[in-house]
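Trainee: Going down the list, the protein sequences come from chains A and B. Residue 139 in the UniProt record's numbering sits at position 139 of the first sequence; the count goes up by one each step and never skips. Residue 231 in the UniProt record's numbering sits at position 231 of the second sequence; the count goes up by one each step and never skips.
Any given hint could turn out to be false.
[As the list claims (entries may be wrong)] Here's a subset of chain B near chain A, in silico, CB distances under 10 Å, partners left out:
no., residue
1, D71
2, I72
3, S82
4, D83
5, T85
6, G253
7, A344
8, G346
9, G355
10, L358
11, T361
Calculated directly from the structure, the hints in this document are not laboratory data. Think of the CB as a built atom: it goes at the ideal place given N, C-alpha and C, for glycine as much as any other residue.
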Amino acid sequence: MGPFLGAWGAIRQYDLSSVGTMGTNLKGQIVMKNLVLKGALAASAFVLLANAASAATLDDVKKKGFLQCGVNTGLPGFASPNDKGEWSGFDVDYCRAVAAAVFGDPTKVKYTPLSAKDRLPALQSGEIDVLIRNTTWTLSRDEQGFDFTGVNYYDGQGFMINSKKLSGINSALQLSGASVCVQAGTTTELNLADYFKANKMEYNPVVFEKVEEVNAAYDSGRCDAYTTDQSGLYAYRLALTAPDDHIVLPEIISKEPLGPVVRQGDAQWADIIRWTHYALLTAEELGITKANVEELAKGDSPEVKRVLGQEAGTKLGTDLGLTNDWVVNIVKAVGNYGEIFEKNLGSGSPLKIARGINAQWSKGGLQYAMPIR
Amino acid sequence: MASQDITPVVKDSAKVSLLNDPKFRGYIFQAVAVLVIAGLVYWMVNNTITNLQRANLASGFGFLDGRSGFDISSSPYLAYSSDSTYLQALWVGILNTLTVAFAGIITATIIGFIIGIGRLSHNWLIRKICTVYVEVFRNVPPLLVIFFWYSGVLSVLPQARQSISLPFNMFLNNRGFFFPAPVFGEGAWLAGVGLLVGIVGTFLVRRWAYKRQMATGQQFPVGWTSLGLIVGLPLLALAIKGFPLSFDYPVLGAFNLRGGSQVGPEFMSLYLALSFYTASFIAEIVRAGIRGVGKGQSEAAHALGLRAGPTTRLVVVPQAMRIIIPPLTSQYLNLTKNSSLAVAIGYPDLVAVGGTILNQTNRSIEVVTIWLVVYLSISVLTSLFMNWFNAKMALVER
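Just chain A, same shape as in the assembly (with noise of 0.2 Å):
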């Protein structure tokens, strides 16, 4: 009965009620790290259960009363959490937010921390209701059953050495014979098989399933080099023995569109998350912040008025399935998308990343939100 027991509570957020009442009781929270567990506790969700993730994902949120987020198991930045357990970053002021919007409250969030290997089987087992742990969006993995709802950092694949031992190198182009460090089951390990091969250089990859791994055997100098998306780069860096010993090489060698993700086949959900990015989007654009949000609802600027769900007789929010004044939670709780950049990755971090290509459209990036009208 043991195993069986434990089977049962690790999928546990199954609507089990076709199957029995024993998973209402079983459902504690359990946070299965183990890869291969994953795995197979996605492919055993398959084959055991009658009744998969169902469709209404708000509905299933909203009757459990918390938001169940897959973030990243510790990227500064992004997703990390500090000495009291409390997660920050980017991925997570959107968890926040999603929670804020359907909620009304940023608190009624729970995190499932997910290796990249684990955190797609995790979303498509419904372990998590919603992906936000900077996963690239690619076709393959749209038409595997996800849909991606939208793009929240811009970020393109680089290469870290220590040029402390390796003083020569200034280029990507100069690794041939290298040793990589690198993540298993990542975009970023076929961009690395791409890459040496099209400019016909050699080298052995050193894969690891953990983060946290890839990050010791780097630091122990098993590698050379170590490859994942910029932004990740300059986050790992910090957390090196000798920070200021290691540099970015300059090459950008893939797109990775980053961006929260979540099972196929239910739109409805799928919009609430794309419209709670546009929301961030619209809020930095139209200058409403944390701090002045509740004023400008009260104030009569008629584009201020109708993204803040002040308009009389408006049914945008409702027709989300949320409430009309969701922008203005969701601004209360975690700022515009501007207020997140800066705070989590920007001056406000030691990350100190520029805003770059994540700028608003008008201050030429490429982050776009459509109107909410």
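Position chain B relative to chain A; hints supplied.
Mentor: Just chain B, lined up with the frame of chain A:
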């Protein structure tokens, strides 16, 4: 179930009710069991298919023909690149698993026998050292032993530029162990023939020597002859052809040593960890096996004039093997299965490669099925071999 009102039922023994017929009941129960299992299997398969369709997922193993797109650090037997298929990637993983399991089993057996016999030594120091070894490795989870070797290897060994030089152009650094790779020139095939002839010759000599000893009691130096045949004949063959053999030596490149052959730190630490860990269990099995042989056996051997060495080798160990082999099989299976912990240190075994494929193709059911089938096959084959070996060693009554 003490029943108060025992009513003696007297029935004509020839006309027992069909329901009370043990044979008939047996059939009924077996039929019910088969039906339940079949129903369960049907339910699971049906659920799987329904759920996959609901999640818009394709199923089947056709994806294995797709281009993998990722590289694997260690593929000693197959030519593998990112252009190879997922199936080829899986083969690389399976062969890597088999390599580390095979090497680990041999080393663990050797260490295990030495430590196991050492625990029964009359020498206090040897006995205690062996005891400490067993208690340390037996009581630590294998994953920690692997981490111990991996971080040990990584942190103690120097960078590539400060490699430790060993004799014969061998080098050791934190990228692995490098040694010269033999390059066979024209005519080297004769050495292969020589090796083959040497092995067959050894086999024949052993048989002849055994028969002669049985008939006349005279012994023949089989060990030295075998060595001469297996090493001498290929060398002779090479000498005839004028040594068509050269070596590819590892030399320092921009980042690392290049050329030669190389064993990565991931393989080394996994192999050492599995060997040392499993050896502690094998040592206990060996000790138990030897203890299980009656004391009278060695006393009789001593009485016949055999010294301690031959007594152990010819009298005690052959009998102990009968006790040792069955639990030894379990340890071999454990070692093979524990090799899946390779995923923690980045050795590309079946689980690591399969995990990457799972993540890229999102075919969790198929990949998990492949994992199960491969490990099951390896284990069943190991068991069959060990059962055969056991039957060969078993006491044959004459």
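Trainee: All the hints need checking, so say for each whether the structure fits it.
Mentor: Consistency of the hints with the structure:
Because the smallest distance between the Cβ of B/D71 and any Cβ of chain A comes to about 5 Å, under 10 Å, the interface hint for this residue holds. A distance limit of 10 Å between C-beta atoms decides the matter here; for B/I72 the minimum to chain A is near 7 Å, and the interface restraint holds. Hint on B/S82 holds. Least Cβ distance to chain A is approximately 4 Å, under the 10 Å limit. The closest approach between the C-beta of B/D83 and any C-beta of chain A is roughly 8 Å, which is under the 10 Å cut-off, so the hint is satisfied.
The interface hint given for B/T85 is broken, as the beta carbon of that residue sits about 14 Å from the closest beta carbon of chain A, more than 10 Å. Contact between B/G253 and chain A, as hinted, is supported at the beta carbon level, the nearest pair being about 5 Å apart and thus within 10 Å. At about 7 Å, the closest approach between the beta carbon of B/A344 and any beta carbon in chain A falls short of 10 Å, and the interface hint on this residue holds. With a least beta-carbon distance of about 4 Å to chain A, the hint placing B/G346 at the interface is held under the 10 Å criterion.
Residue-level restraint check for B/G355 holds (minimum Cβ-Cβ distance to chain A is 6 Å; threshold 10 Å). Hint status for B/L358 relative to chain A: holds, with the closest Cβ pair at about 5 Å, below 10 Å. Hint status for B/T361: holds, given a least beta-carbon distance of 8 Å to chain A, under 10 Å.
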